[in-house]
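Student: Quick note, the sequences are listed as chains A and B, same order. Numbered per my numbering, the first sequence finishes at 306, counting up by one with no gaps. Numbered per my numbering, the second sequence finishes at 349, counting up by one with no gaps.
Since the hints were derived computationally from the structure, they do not count as laboratory data. Treat the hints loosely; a few may be bogus.
Listing some non-contacts, in silico: residues in chain A with all C-beta distances to chain B over 12 angstroms [said to hold, decoys possible]:
| id | residue |
| --- | --- |
| 1 | Ala-82 |
| 2 | Gly-114 |
| 3 | Arg-174 |
| 4 | Leu-188 |
| 5 | Trp-191 |
| 6 | Met-224 |
| 7 | Arg-228 |
| 8 | Leu-279 |
| 9 | Ala-284 |
| 10 | Lys-293 |
| 11 | Gly-299 |
| 12 | Pro-301 |
With beta-carbon atoms standing in for the labels, derived distance ranges [claimed, not checked]:
| id | chain 1 | residue 1 | chain 2 | residue 2 | range |
| --- | --- | --- | --- | --- | --- |
| 13 | A | Asn-265 | B | Gly-102 | 52 to 62 angstroms |
| 14 | B | Pro-320 | A | Ser-135 | 49 to 59 angstroms |
| 15 | A | Met-275 | B | Tyr-305 | 45 to 55 angstroms |
| 16 | A | Ala-7 | B | Gln-123 | 56 to 66 angstroms |
Even glycine gets a Cβ: it sits at the ideal position worked out from N, Cα and C.
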Amino acid sequence: MNILTNAQLWASTLAMAVPLALPAIGGTFSERTGVVNIAMEGIMLMGAFFGVAFSYWTGSAWVGLLCGLIMGGLLSAVFAWAAIRLAADQVVLGMAINIFAAGLTAFLLDTIFGFGGTPPQTPQLPTLSIPVLSSIPFIGAFFTNQSVLVYVMLVIVVLSHWFLFHTRIGLRMRSVGENPLAADTAGLNVWRLRYAGVIIGGVLSALGGVYLSLGILNSFDVNMTNGRGYIALAAMIFGKWTPLGSFAASLLFGFATALGIALQNHGISANLLGMLPYLLTILALAGLVGRSKAPAADGIPYNPQR
Amino acid sequence: MRIQMVASAAAVLTFGALLTGCGTAANNDTNNAGNTTGAAPKSNFKVGLVTDTGGLNDHGFNFLSNQGLQQAVKQLGVQGAVVQSQSANDYVPNLQRFARQGYNVVIAVGFLMDDAVKQVAPQYPNTKFLIIDDPIQGIPNVTSAIFNTEQCGYLVGAMAGLLEKQGKLPGLNSKNMLGVVGGQAIPPVTSYIAGFQQGVAKTDPGATVEVKFANSFSDQALGSQIAQQEINDGADILFQVAGGTGVGVINAAKSKHVYAIGVDADQAYLAPDTILTSAVKGVDTSTFDVIKQAVNHQWKSGIQYFDLKNNGVGLGTVNPKVPQDVQKQVDQLAQQIKNGTITVSPNMK
């Protein structure tokens with residue numbers, strides 16, 4: 001039982017929740033405005049790769065972070081254009097983006113850095129301890145030596161919840177995801193709001209990718225996201241398309257991963273424990289937490305018929 | 001696979017402007033899948049290499065085998081070509097393609113290609129096949145390279161045990177504990193770990209070795225978290241046998257100011273202060289050797305063992321922080337393994 005009182009378990013939980021929570025919140029932004037987004041995995045890879053590449057080229061992890069976000073934003077803008085303007089099937093499109101990004105980043109890694117991987121001297125984003133909070137006995141581990149992006153994520157969780165549910169623009173974004181015709185009639189620009197939702201989502205997903213490559217590490221590897229973009233999708237649905245819910249679900253998945261690691265030396269098969277996060281995903285999607293309902297117009301392209 | 005490559009190529013054209021806009025010369029000296037490699041070939045001897053799904057940037061045997069091939073291209077003047085398998089379904093067609101094109105030697109990297117080689121090799125008796133990490137006997141045109149990695153695992157384990165017992169390295173804690181992070185519990189991984197456990201038991205019998213598996217060879221973030229949990233439990237020297245996942249282990253050891261031991265390749269370059277040494281598996285030299293045998297008409301079919309005795313496995317760069325007396329004791333153990341006084345079992349406890 002001393003496993004649960006081990007501070008490192010909780011630090012790992014938070015650390016493993018970040019690369020799920022950021023794309024999950026990103027997906028929430030996109031889907032709340034009515035665009036189904038399963039492209040988080042690919043956009044994360046873009047952010048992760050270009051974050052490392054620019055961090056190495058410029059010698060500054062912060063510039064790397066910025067460029068990673070820009071590249072993720074660019075790719076999601078392409079996705080948005082095809083999904084909104086061309087009214088392409090959003091699931092097929094999202095899948096195409098994922099496959100494209102996986103191929104592109106692998107190809108660029110080989111051509112630019114060679115088969116030996118990204119250079120080990122690539123600058124990494126700093127880790128921080130929050131002075132007062134880190135000395136609290138139990139919760140302190142959350143705030144000790146965590147990547148700076150962990151704190152950024154905590155701020156984003158709160159900010160995005162406030163933005164979506166307590167501001168006028170947030171209300172407008174949600175309205176085009178529920179009933180775009182009514183929103184259009186009321187004088188809102190449906191397309192523009194959807195572009196905003198998808199691109200904000202893309203930038204947040206890319207931030208999740210940068211966290212993997214520059215937050216905990218300083219290197220990129222082929223497919224280093226390892227399906228986290230898809231688990232984020234589950235976290236978003238589990239969290240009922242809200243930022244706070246997505247964060248809570250991500251914490252649960254992070255906990256499953258951390259617990260899986262900790263339990264390995266207690267006679268339980270590593271293969272079984274590796275299933276834990278995915279088992280939770282299935283349970284989540286099977287409606288364990290009650291029905292979660294997608295925004296009414298989610299996935300339906302809107303044609304203003306001008 | 002092909003669509004992916006076309007898409008990538010198209011993307012590079014568009015992104016090319018952005019990249020060059022950065023104004024930094026990227027090193028483009030590596031060769032891509034499917035291209036023939038190197039300078040003007042001196043002979044018509046052709047060698048094809050088929051990777052398993054790990055691909056050339058697996059930080060492991062695919063990467064090293066390609067190194068060996070490139071060395072053969074430079075030194076023996078053979079023509080080399082590489083194709084990376086995207087899925088297990090590609091193994092047979094990839095091997096057949098090289099054989100049909102009249103390649104003299106085809107290299108299959110990894111025990112996952114066992115069935116594919118057994119199927120393809122008898123169809124092309126004039127082509128010679130080399131398979132890495134998998135014992136195949138009884139097919140005249142197939143040779144297998146098997147590495148006794150438990151031996152180098154033993155040596156790094158013995159070194160870690162000695163250092164842990166002395167406790168003199170800066171950063172070592174008082175707890176007598178070592179950590180291992182494995183990729184998957186499969187023989188090429190567990191043989192290293194088995195050797196490590198026996199090596200530690202020899203030099204520091206009281207030590208605990210905490211072994212955890214990531215179940216992935218490409219999840220660096222997970223590797224980093226596993227390492228941090230082991231470090232938190234008190235492990236201060238971590239041996240990673242986890243391919244790409246291991247890069248995360250080394251990174252975590254570096255940021256927590258403890259030590260790590262590399263695997264497969266000499267990984268000292270990843271973190272010169274952190275890496276004590278690496279348990280090296282000479283896939284590069286063995287690939288080169290077998291190509292050389294074929295070029296010189298000295299081809300041997302059946303299993304070829306690569307161990308400490310013929311430098312098929314060994315230690316990588318040793319960190320200067322490791323005291324001379326420790327290095328000397330490890331060298332003595334290596335001698336004892338070579339002359340058979342010590343036998344190391346490839347099976348984990």
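Student: With reference to the structure, classify each hint as holding or not holding.
Tutor: Quick rundown of the hints versus the structure:
1. The claim that Ala-82/A lies off the interface holds: its Cβ sits roughly 14 angstroms from the closest Cβ of chain B, which is beyond the 12 angstroms cut-off.
2. Residue placement check: Gly-114/A does not keep its beta carbon more than 12 angstroms from all beta carbons of chain B (closest about 4 angstroms).
3. The claim that Arg-174/A lies off the interface holds: its Cβ sits roughly 32 angstroms from the closest Cβ of chain B, which is beyond the 12 angstroms cut-off.
4. The claim that Leu-188/A lies off the interface holds: its Cβ sits roughly 33 angstroms from the closest Cβ of chain B, which is beyond the 12 angstroms cut-off.
5. For Trp-191/A, the condition that its CB be more than 12 angstroms from all CB atoms of chain B holds, with the nearest at approximately 24 angstroms.
6. Against the 12 angstroms criterion, Met-224/A falls within the reach of chain B, whose nearest CB is about 6 angstroms from its own CB.
7. In this structure Arg-228/A is not separated from chain B by more than 12 angstroms, as the shortest Cβ-Cβ distance comes to only about 8 angstroms.
8. Leu-279/A, annotated as away from the interface, keeps every beta carbon of chain B farther than 12 angstroms; the closest lies near 14 angstroms.
9. With a minimum CB-CB distance of about 20 angstroms to chain B, Ala-284/A clears the 12 angstroms threshold, and the non-interface call stands.
10. No beta-carbon of chain B is positioned within 12 angstroms of the beta-carbon of Lys-293/A; the least distance is around 32 angstroms.
11. Against chain B, the non-interface label of Gly-299/A holds: every CB pair exceeds 12 angstroms, the least being about 24 angstroms.
12. The beta carbon of Pro-301/A sits about 24 angstroms from the closest Cβ of chain B, which is more than 12 angstroms, so the claim that it is off the interface holds.
13. Remark: the range hint 52 to 62 angstroms for Asn-265/A to Gly-102/B is upheld by a beta-carbon distance near 53 angstroms.
14. At roughly 38 angstroms, the beta-carbon separation of Pro-320/B and Ser-135/A lies outside the given 49 to 59 angstroms, and the hint is violated.
15. The supplied range of 45 to 55 angstroms is broken by Met-275/A and Tyr-305/B, whose beta-carbon atoms lie about 37 angstroms from each other.
16. As the Cβ distance of Ala-7/A to Gln-123/B is approximately 59 angstroms, the hint placing it in 56 to 66 angstroms holds.
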